[in-house]
Amino acid sequence: MRLQDRERVSKAIRTLKGDRSLDSLVDRIYEITEGSVALDRATLQRVATGQTRVTRAIDSPEDCVRLYFALMIIGCEEELTLSEIVGEGRTMLAGFVGEPLATLVFADLRRTLPKLTDVRTLREYLEEGLRVWLPK
Amino acid sequence: MATEVSVVVPAESNTLRSEEERLRGMLAERHGIHIRFASLPGARAILVSPMTGRRPKGLVVDGSVSAAERISLYVHLAAHVALRHDLPLVTIVESRSEPTSGDANGHSDADQLARAMWWGTAARAELREAWPGRRSRALRPLLASRPGRLGLRVALLVLRRAYYGLRARRVLEGSALTRWLRDALCVTAVVCAAPELVSTRS
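Residue numbers (the working numbering), protein chains in the order written: chain A, 18 to 153; chain B, 3 to 204.
These aren't lab readings, by the way, just hints derived from the structure by calculation.
A hint or two may mislead.
[To be verified] Just the calculated beta-carbon pair ranges, DEER-fashion:
no. : chain 1 : residue 1 : chain 2 : residue 2 : range
1   : B       : Val92     : A       : Tyr47     : 27 to 37 Å
2   : A       : Thr98     : B       : Val160    : 46 to 56 Å
3   : A       : Gly115    : B       : Ser41     : 47 to 57 Å
4   : A       : Leu118    : B       : Asp185    : 44 to 54 Å
Keep in mind that this is a model prediction, so the values were computed, not measured.
Glycine residues also receive a C-beta, built at the ideal position from the N, C-alpha and C atoms.
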C-alpha cells in the first residue's frame, strides 16, 4: 500500500505505540493479528519515522483494517485516552486506505462510541472487531 | 432490559445454567453467533457483525451478567438477527442503563419480537422455528406484574429448597411435575431479569 499522508500516519503510529519500542510494537502487532499482519521491523521503522510511503506486507485493505484494530488495541494497552485512541486510529486508517473506505469502516465505531463509555469496553469492541477481520 | 430481581438467590441454578448453555449452542448453530465472555464495565453485551455474512458474528457478553439475564440477552439478540439489524459492519451494543437502550439499533422492535419468540407466539413460522418458544403460557399472566413475578419466584425457590431438603428427588426425579417446576423456575428467573419479556401488548 502507499500511504497518503506519511507524516500524519507516522505521528498516529508513534502516539498509539505509547512507550513501546518499535521492535516491541512489531511483535505485539504480530501477536494480536495472529500472524496475519507480518510487518517487518525495517518497514515499520521507516513508516513510523515518516521516511516511506510504501508499506511492504500490508498489501490489501483487509491488512490495513487489521493493523488499524491492532494499533488501537495497543493504544488501549498503553493507557492512552479514549479520544487519542479513536482519533489517531482513524487518522492511521485514512492514511493507509484513503478517506472513503476509512469513513465506511470507522462509521461503526463513530456510531458505537457513545455507548463504549470506558477504555476496557472499547478494547473488547476492538478485539471482537479484529477477530471478524482475521483470515479464516 | 433492566434487571429488577431483588430476591436473594444463593447461587446460579443448574437449570438456568444448562438452559443458558443450550441456547448459547443454538445461537452458534442457527445464527452463526460466536460467544465469548469478558469484563465489559460499560455495557452488557456487544454484537459485532463481519463484512460478509459467510463469517460468524462475534458476541462479547459481560462476565458479571447472570445466567437468567444472559438468556434474555440471547432471545433479544436473536430477535435483532431475525429483524436483520445485524448488518455488515454494524455493531449492536446492549447498554446497562436504558431499559430498551434507545432505538439506534431498533431495540424496541427487537424487544417486541423477543416477547413473541420467547412465548412462542410469533406469527411467522420461520420465527417459531428460529427460536424454541416457551410453551408454559399459564405463567404469563402471573408474571405480568412485579408483585406476581417476585411472589412466584419466592414460591418456586421455596419449593426447590423443599424438593432437595425433603429428599423428594428420589421419588419425583424425571416426573412431569419436576420438569414443569424446573421450567417455571427458569422462565420466572428470566422474566424477573428482563421484565420487558412480559407485556400485555403482544
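**Item:** Satisfaction of the hinted span 27 to 37 Å by the C-beta atoms belonging to Val92/B and Tyr47/A
**Value:** holds, 29 Å
**Asked** So does Gly115/A sit 47 to 57 Å from Ser41/B, Cβ to Cβ?
**Response** With a Cβ separation near 35 Å, Gly115/A and Ser41/B fall outside 47 to 57 Å, so the hint is violated.
**Message:** Within 44 to 54 Å: is that where the Cβ-Cβ distance between Leu118/A and Asp185/B falls?
**Reply:** holds, 50 Å
**Asked** Between Thr98/A and Val160/B, does the beta-carbon spacing fit 46 to 56 Å?
**Response** holds, 51 Å
Hint 3 from the earlier list is the only one contradicted by this structure; the remaining hints agree with it.
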